[in-house]
Amino acid sequence: MISSFLLGITIFIALLTAVNLYRVAVGRTIFDRIIAAGLVGTNGFILLILIGFIYGRINMFVDIAIAYALLNFVVVIVLGKYFDRGREKQP
Amino acid sequence: MLVLTIVAVVLMFGGAFFLTVSALGLLRLPDFYARTHAVGKSETLGTILMLSGLAVYNGWELSTIKILFIVFFVLIANPTATHAIARAALRTGLQPWTRKRNGITKTEETRKL
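In order, the protein sequences belong to chains A and B.
So for the first sequence, the working numbering puts the first residue at 1; every next one is plus one.
So for the second sequence, the working numbering puts the first residue at 1; every next one is plus one.
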């Protein structure tokens with residue numbers, strides 16, 4: 001019973017990730033795209049841990065999820081630094 | 001054992017609820033700063049609840065400690081990343097959304113960015 005519950009919640013979070021991809025594609029500014037991509041990454045490692053529970057190999061998948069979480073944080077910070085145009089547009 | 005499973009299922013339902021709130025906020029809120037509000041808080045709380053439910057379901061193993069490490073890291077890193085992006089947007093000159101000013105919606109002005 002619990003395994004079918006885990007499968008259902010995995011499919012639900014996958015659908016939520018697809019909804020968030022809309023904001024990555026259509027986002028009005030570049031920053032919308034960045035935070036939506038970060039949210040897709042966060043949902044991604046939750047999905048990784050859930051898939052590890054479904055396949056019964058959580059020892060392997062949790063390490064991949066740790067690496068993915070660290071990489072997601074670094075990507076968002078670096079993109080924020082890169083697109084920060086500083087005092088260019090300030091009066 | 002059954003009690004721990006029920007606790008895990010309730011925590012995972014809470015996490016799925018907050019992740020849904022975060023996705024809806026990202027989809028429906030009017031401008032960038034409001035969307036950072038949805039992402040910075042609801043996403044963090046949803047992730048923490050979901051991973052805590054999985055850790056309770058897993059029991060006492062090494063994997064549980066790794067999952068709790070991910071929870072602790074997300075608790076620190078996710079609001080920091082959202083704050084950094086919002087600061088970059090404010091320094092770049094993105095104006096916050098207001099309802100009307102001089103007959104023009106402010107979102108129309110920031111659409112060029």
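These are calculated hints, taken from the structure and not from any lab test.
Hints may be right or wrong, so weigh each one.
Stated by the list, open to error - Residues from chain B that keep clear of chain A, each with C-beta distances beyond 10 Å, as calculated:
hint, residue
1, Val3
2, Leu27
3, Phe32
4, Lys41
5, Ala84
6, Arg99
As the list claims (entries may be wrong) - Below, a list of computed lysine to any residue pairs in the SDA-like style, where the Cα atoms sit at most 20 Å apart:
hint, chain 1, residue 1, chain 2, residue 2
7, A, Lys81, A, Thr10
8, B, Lys66, A, Lys81
9, B, Lys66, A, Gly41
Unchecked claim - Part of the chain A face toward chain B, derived, beta carbon under 8 Å:
hint, residue
10, Ile54
11, Tyr55
12, Ile64
13, Ile66
14, Gly80
Computed from a prediction, not measured in an experiment: that's the story for all the values here.
Backbone N, C-alpha and C fix where the C-beta goes; we use that ideal spot for every residue, glycine too.
Hint check results:
no., hint, verdict
1, Val3, "14 Å, holds"
2, Leu27, "6 Å, violated"
3, Phe32, "5 Å, violated"
4, Lys41, "12 Å, holds"
5, Ala84, "4 Å, violated"
6, Arg99, "17 Å, holds"
7, Lys81/A - Thr10/A, "33 Å, violated"
8, Lys66/B - Lys81/A, "29 Å, violated"
9, Lys66/B - Gly41/A, "18 Å, holds"
10, Ile54, "11 Å, violated"
11, Tyr55, "13 Å, violated"
12, Ile64, "11 Å, violated"
13, Ile66, "6 Å, holds"
14, Gly80, "4 Å, holds"
Violated hints, listed in ascending order, are 2, 3, 5, 7, 8, 10, 11, 12; each of the other numbered hints is respected by the structure.
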